[in-house]
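Q: One-letter residues, chain by chain:
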Amino acid sequence: MISEKKSGGAFAVLSIMAASLFFILMIISIADMPGWAFGEDLIEEISSSDSGVYMRSGMALGGMLLAFGSIGMVFNGGRPGKTAEGVLLMISGILLVWVAFFEHTDPIHEVALMLFIITFILAAIASIYDDFKDNRSMIFGSLTVLLLVVWIGSYAAYEPAMYQMVWIIEAVIWVIARGINGLCEPTINKRK
Amino acid sequence: MTVRPKIVKAGFWFGILGALIAGIATIMAFVPETAEAANMWLGALVVVLFFALAGLFTNDGSVGWGVVVFMAALATGVAVAVTMFGAMEIWFGIIITVIGVIEIVIAANSMTGRWIKADRLVR
Chain A
0 MISEKKSGGA
10 FAVLSIMAAS
20 LFFILMIISI
30 ADMPGWAFGE
40 DLIEEISSSD
50 SGVYMRSGMA
60 LGGMLLAFGS
70 IGMVFNGGRP
80 GKTAEGVLLM
90 ISGILLVWVA
100 FFEHTDPIHE
110 VALMLFIITF
120 ILAAIASIYD
130 DFKDNRSMIF
140 GSLTVLLLVV
150 WIGSYAAYEP
160 AMYQMVWIIE
170 AVIWVIARGI
180 NGLCEPTINK
190 RK
Chain B
0 MTVRPKIVKA
10 GFWFGILGAL
20 IAGIATIMAF
30 VPETAEAANM
40 WLGALVVVLF
50 FALAGLFTND
60 GSVGWGVVVF
70 MAALATGVAV
80 AVTMFGAMEI
90 WFGIIITVIG
100 VIEIVIAANS
110 MTGRWIKADR
120 LVR
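So the sequence lines, in the order shown, correspond to chains A and B.
For the first sequence, numbering that gives the first Met the number 0 begins at 0 and goes up steadily by one.
For the second sequence, numbering that gives the first Met the number 0 begins at 0 and goes up steadily by one.
Simulated from the structure, these hints should not be mistaken for laboratory data.
Mixed in with the good hints, there may be bad ones.
[What the hints assert, rightly or not] Derived lysine-lysine pairs resembling DSS-like cross-links, with alpha carbons at most 30 Å apart:
| # | chain 1 | residue 1 | chain 2 | residue 2 |
| --- | --- | --- | --- | --- |
| 1 | B | Lys8 | B | Lys116 |
| 2 | B | Lys5 | A | Lys132 |
| 3 | B | Lys5 | B | Lys116 |
| 4 | B | Lys8 | A | Lys132 |
| 5 | A | Lys132 | B | Lys116 |
[Unchecked claim] Examples of chain B residues toward chain A, derived with CB under 8 Å:
| # | residue |
| --- | --- |
| 6 | Val68 |
| 7 | Ala72 |
| 8 | Leu73 |
| 9 | Thr75 |
| 10 | Gly76 |
| 11 | Ala107 |
Quick caveat, the model's predicted, so the values are computed rather than measured.
Backbone N, C-alpha and C define an ideal beta-carbon position, used for all residues, glycine too.
This is chain A alone, in the form it adopts within the complex (with noise of 0.2 Å):
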């Protein structure tokens, strides 16, 4: 007989609480340096000034609630697509703690976001390939399409400190989306 064990629900709002907190600390961050403008100014400016103290809190925190909450994926009762997204996300997870914590002039610094954007997408493509297996949750597997297509949009349309910021917003949506549909689903299963 097997049952499942809605257990996976803790593991989604840390998820959940990851692009929360990393977005409010955010905002925080561009509240407290009047001079940057939005669209205008790279978000490196912030990360680089004293302002940017919040947000490298943020991405360091967030970077390692993302990883915790990724767990809960890895450990689904045996199917294969939300595996790979749980393992990139726990790596996309640990490289955005690298980037928080390493100057932006430091190579690791480039490395490690560049690292964290690949494995970032990797895993998107893998929620996809889950989603839509078996029929499973397509309206969740529809967000992901939708915010990759206006994500690659967004590289054609806008300069580097408008897509940068298109980015970023559409990561902290697609990580809420991801927390929420792990909340509406089971995640393990134990065989009895």
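Once you have looked at the hints, place chain B on chain A.
A: Quick look at chain B alone, frame taken from chain A:
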């Protein structure tokens, strides 16, 4: 031939509506002074995607449920991206995006799924 549920018919007509509005937006994106047509191709892409999406809600649609939902999300995403690129007026973009979101909801509806997986096959 089976009778299509009302929600599937709505999906078809919303697809046609989205394509027609995108078509109007594409024509209006033409700049006569420079005869620049580069942006029009992006608008035409939205038109094609919405017409294709409408076709998936007919009895002759040949793809599975997941593909219909994926196509709805893709068409909506492309509409948003094309609007961000400035290839169509923002108000047209907003209307087409709303239609696209309605299409996603219709496509992901369980009644649409049941029709695609079972009823559509009965001839």
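Q: Next, verify each hint and record whether it holds.
A: Hint check results:
1. B:Lys8 x B:Lys116: holds (16 Å)
2. B:Lys5 x A:Lys132: Cα-Cα ~26 Å, so holds.
3. B:Lys5 x B:Lys116: This hinted pair holds, its Cα atoms lying about 16 Å apart.
4. B:Lys8 x A:Lys132: holds (26 Å)
5. A:Lys132 x B:Lys116: Roughly 15 Å between the alpha carbons, so the hint for lysine 132 of chain A and lysine 116 of chain B holds.
6. Val68: holds (4 Å)
7. Ala72: holds (4 Å)
8. Leu73: Constraint on leucine 73 of chain B satisfied, holds at 6 Å.
9. Thr75: Hint on threonine 75 of chain B: holds, closest Cβ of chain A at ~6 Å, below 8 Å.
10. Gly76: holds (3 Å)
11. Ala107: holds (5 Å)
The structure is consistent with each of the numbered hints, conforming to all of them.
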